[in-house]
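Undergrad: Work the whole structure out from these sequences, hints included.
Listed below, chain by chain, are the residues.
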Amino acid sequence: MSAILAAQLGKRYGHTDALKEVDLRVEAGEFFGLFGPNGAGKTTMLRILTGQLRPTSGGAQVLDVNVVEEPLRVKSLVGIVPEVESPPSYLTAFEYLYFVGRVRHLESLESRIARWFDFFDLDENRTSLCKDLSKGTRQKLMLAAAFLHDPALVFLDEPFINLDPIYQRKLKDFLLGYVAHGGTVLMASHLLDIAEKLCDRVAVIRSGSIIATGTLNEIRGRDTDLESAFLRLVGA
Amino acid sequence: MTMSWLLGFMLKEEFRVHASYSSRTMFLSFPFIITMFALSIAVTSGRLLAYTPLTDAILLLHVSVFLYGLSVGAFGFLGRQYLERTNGTRNYIVAMPAILPMHLRRTFFGMFVRDSIFYVALLLAPATIGLMISIPVTHFRLTSIGILFGTALLSFLLGMSLSFLVSTVYMRSRTGFAAAVIGVSGIFGAAGTTRAIPLSWILPGLAAHQNLPPLGTNAGAAAALILLALGTVAGLVVGAVLLVPDRFEPPAVEVRDELPRILSRLRGFDRIGTLLGKEFLDLQRSGTFAKMFFSFVTPLLFLSFTAWFVRYGLQVPVGFNTVFYAGMVGFFGVILYNWLNNVDATDYLATVPVSVPEVIRAKLLAFLLLTTWISVGFVVTIAWLNADTRLLWLAIPIVVVTSTYIVVLTAYLTGLRTNSFLFDPGVLARFSVMSILPDFGLTILSFTIDRDLRFAATGIGIVLAVLAATTYILLKGIDAKWRGTEFGE
Chain S
1380 MSAILAAQLG KRYGHTDALK EVDLRVEAGE FFGLFGPNGA GKTTMLRILT GQLRPTSGGA
1440 QVLDVNVVEE PLRVKSLVGI VPEVESPPSY LTAFEYLYFV GRVRHLESLE SRIARWFDFF
1500 DLDENRTSLC KDLSKGTRQK LMLAAAFLHD PALVFLDEPF INLDPIYQRK LKDFLLGYVA
1560 HGGTVLMASH LLDIAEKLCD RVAVIRSGSI IATGTLNEIR GRDTDLESAF LRLVGA
Chain C
295 MTMSWLLGFM LKEEFRVHAS YSSRTMFLSF PFIITMFALS IAVTSGRLLA YTPLTDAILL
355 LHVSVFLYGL SVGAFGFLGR QYLERTNGTR NYIVAMPAIL PMHLRRTFFG MFVRDSIFYV
415 ALLLAPATIG LMISIPVTHF RLTSIGILFG TALLSFLLGM SLSFLVSTVY MRSRTGFAAA
475 VIGVSGIFGA AGTTRAIPLS WILPGLAAHQ NLPPLGTNAG AAAALILLAL GTVAGLVVGA
535 VLLVPDRFEP PAVEVRDELP RILSRLRGFD RIGTLLGKEF LDLQRSGTFA KMFFSFVTPL
595 LFLSFTAWFV RYGLQVPVGF NTVFYAGMVG FFGVILYNWL NNVDATDYLA TVPVSVPEVI
655 RAKLLAFLLL TTWISVGFVV TIAWLNADTR LLWLAIPIVV VTSTYIVVLT AYLTGLRTNS
715 FLFDPGVLAR FSVMSILPDF GLTILSFTID RDLRFAATGI GIVLAVLAAT TYILLKGIDA
775 KWRGTEFGE
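Chains as they are written, first to last, in this note's numbering: chain S, 1380 to 1615; chain C, 295 to 783.
None of these hints come from the bench; they were simulated from the model.
Careful, some of the hints might be misleading.
Stated by the list, open to error - Cross-link-like lysine-lysine pairs, in silico, DSS-like; alpha carbons within 30 angstroms at most:
1) C:Lys770 x S:Lys1510
2) S:Lys1399 x C:Lys775
3) S:Lys1549 x S:Lys1576
4) S:Lys1510 x S:Lys1549
5) C:Lys585 x S:Lys1514
Said to hold, decoys possible - In silico negatives: residues of chain S with every beta carbon more than 10 angstroms from chain C:
6) Gln1440
7) Ile1459
8) Ser1468
9) Phe1478
10) His1484
11) Arg1494
12) Leu1570
Said to hold, decoys possible - So the derived list for chain S, only partly shown, Cβ under 7 angstroms to chain C, looks like this:
13) Gln1387
14) Arg1391
15) Pro1467
Even for Gly, the Cβ is constructed at its ideal location relative to N, Cα and C.
TA: Okay, here's the thing in structure tokens:
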């Protein structure tokens, strides 16, 4: 079963084509990586698939829900970690997760929050307003919010970028366990070494078009490592 | 980086920010609309001046531009907000001193100069051009128009610089800010009510105007007053710039977790209750309650003062009764709704299953729950002070219906970006027509109450019924209009 199915997806900003007729299929239980240079269209793709942006052309189904017609339903099913970590300035870390849990109508909210506070060691920031948190702590909070409702599919936009090596390792282990238990991940990132350790399949996107899709071995091809293959594919 | 370079970049940024709300063409048509508006006022000024003497019209004009300057010059609040809170994916030059070798003071001064240029180009200059175009019909003298522009500019800059100074005091000390507000209010109160301070001390631009043609011929006194005005503006700006801390570190705040307690009280509201609870906390913790209170009460006080001044100062026998105040107060609701949309960026809401119309509805509910009592309280107080409580039965429904109408109208037209969309000439034109017409109707009807109460009450009843029906239609329309919009768009 496909967790994500996009057909002929296009997005135009003024005279610029951010996405050009992209087709994409991600199977349930897959760890799928989306890679590309800056401005290639990764974030646009993620925002369309999570109902945050309307495509100019084409369409997509996420967990069998049409993202154009039912964006709120998509958001209720999936978890999203956006590119910019921006929890609300005037709520505490605990209150933000409580707010997200209430919006999602979650049961046993306190214990769910406690689990993520424990996972990311957020207790010392419990009473700080989000505006006063470090970038890394805000990122942890956005990750906790994305997984709070135990979604079957998560969309992660550069989830590792603000985390220190300790939490990068912790998150990697968690994500591998999450996929092993049937969860699906679509991750946009620049960090190829992390991709090599996590992804089952990847797609390389350049100037709004997907130029290669496959397993890591298929993408690597005759190159010795993923980085060399990536640079060759994007023409750098 | 030299000041002119910085200013150039800031002006470019400001233009692009405003153009992004609609389009370049729409934004550039804004001054054209102002020109046409000024032209139409000038062409019909003969009728207007038959009822209002020129001296009174000029007084009102200076007071209006001064208040406008006061409302746009609070860079201490604005800059602090840029520095302190997240703006989603947006950032502004004023925040750059945090990461670049730039002085915060210079950047704040840049904001003052930028907005002075911006508002002159956007409003004062186009209005003056409108008056100049009217010369073949009105036969206004070019020198009189020039004097009007120059002296009104002084009143505008005075308002801006005073607001700049007081808001930068806020960056240093809340107590100092309260003292400054009380001090300024005291000066204005003393001038307005007891004439203990000459008006020319407060508005030297106005006093200079009164000494120049066509109102006077004392060029020497006018020159001295112009110098006084310029000196005051310079003094206030220098004071404000010196008060800007060159390294601003917003204080870290520790608070208790209050959201669960608030949400347990709002359980009956379902998901909108969750959004509402967050609105309450945002307003409380961001200090917006105080800003809302001041920004609402200040025009109310000004309104009271103007009414008092027209009736007793100018001896114009206009019946400003409780019903008149109720209509006016209701229409100030737009200020409060704007504040509700200025507390924090909403980009993070794109990651949870809530829609823009739901958040708009939560803000409307917050407005009604939080502010209705202020409006009603003001009307009751003013009725009691004027010994005019006999009309409260009519005034209270007016204030409730008009404030609900104006806020729902604003929400319908501008969504979550009120400040931005009101710079879109198309939106502004619709807003103006839909707010001014009923306000005008209620004002006229309020003046007829003492002549024929039954006629006035029937007329007001019809206006309120139309407003209530329109409110219902607009409320229903919010969903369709804003459903396709995303947070941060």
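Undergrad: None of the hints should be skipped; say for each whether it holds.
TA: How the hints compare with the structure:
1. Our distance criterion of 30 angstroms between C-alpha atoms is broken by lysine 770 of chain C and lysine 1510 of chain S, whose separation comes to about 35 angstroms.
2. For the hint linking lysine 1399 of chain S to lysine 775 of chain C, the alpha-carbon distance of about 28 angstroms falls within 30 angstroms, and the restraint holds.
3. Distance restraint check for lysine 1549 of chain S and lysine 1576 of chain S: the Cα-Cα separation of roughly 13 angstroms lies within the 30 angstroms cut-off, and the hinted pair is therefore satisfied.
4. At roughly 25 angstroms between alpha-carbon atoms, lysine 1510 of chain S and lysine 1549 of chain S fall within 30 angstroms of each other, so this suggested pair holds.
5. Using a Cα cut-off of 30 angstroms, the hinted pair lysine 585 of chain C and lysine 1514 of chain S holds, with the two alpha carbons roughly 29 angstroms apart.
6. Glutamine 1440 of chain S, annotated as away from the interface, keeps every beta carbon of chain C farther than 10 angstroms; the closest lies near 17 angstroms.
7. The non-interface label for isoleucine 1459 of chain S is inconsistent with chain C: the shortest C-beta to C-beta separation is roughly 4 angstroms, within 10 angstroms.
8. Non-interface call for serine 1468 of chain S relative to chain C: violated, since the shortest CB-CB distance, roughly 4 angstroms, does not exceed 10 angstroms.
9. Some Cβ of chain C comes within 10 angstroms of the Cβ of phenylalanine 1478 of chain S; the nearest lies about 6 angstroms off, and the non-interface call is violated.
10. With a closest Cβ-Cβ approach of about 8 angstroms to chain C, histidine 1484 of chain S is found to fall inside the 10 angstroms limit, against its non-interface label.
11. Chain C leaves arginine 1494 of chain S outside its interface by the beta-carbon criterion, the shortest separation being 17 angstroms against a cut-off of 10 angstroms.
12. Consistency note on leucine 1570 of chain S: stated as away from chain C, and its beta-carbon is indeed over 10 angstroms from all of that chain's, at 21 angstroms minimum.
13. Because the smallest distance between the Cβ of glutamine 1387 of chain S and any Cβ of chain C comes to about 20 angstroms, over 7 angstroms, the interface hint for this residue is violated.
14. Taking 7 angstroms as the C-beta cut-off, the interface hint given for arginine 1391 of chain S is violated, the closest approach to chain C being about 15 angstroms.
15. Hint status for proline 1467 of chain S: holds, given a least beta-carbon distance of 6 angstroms to chain C, under 7 angstroms.
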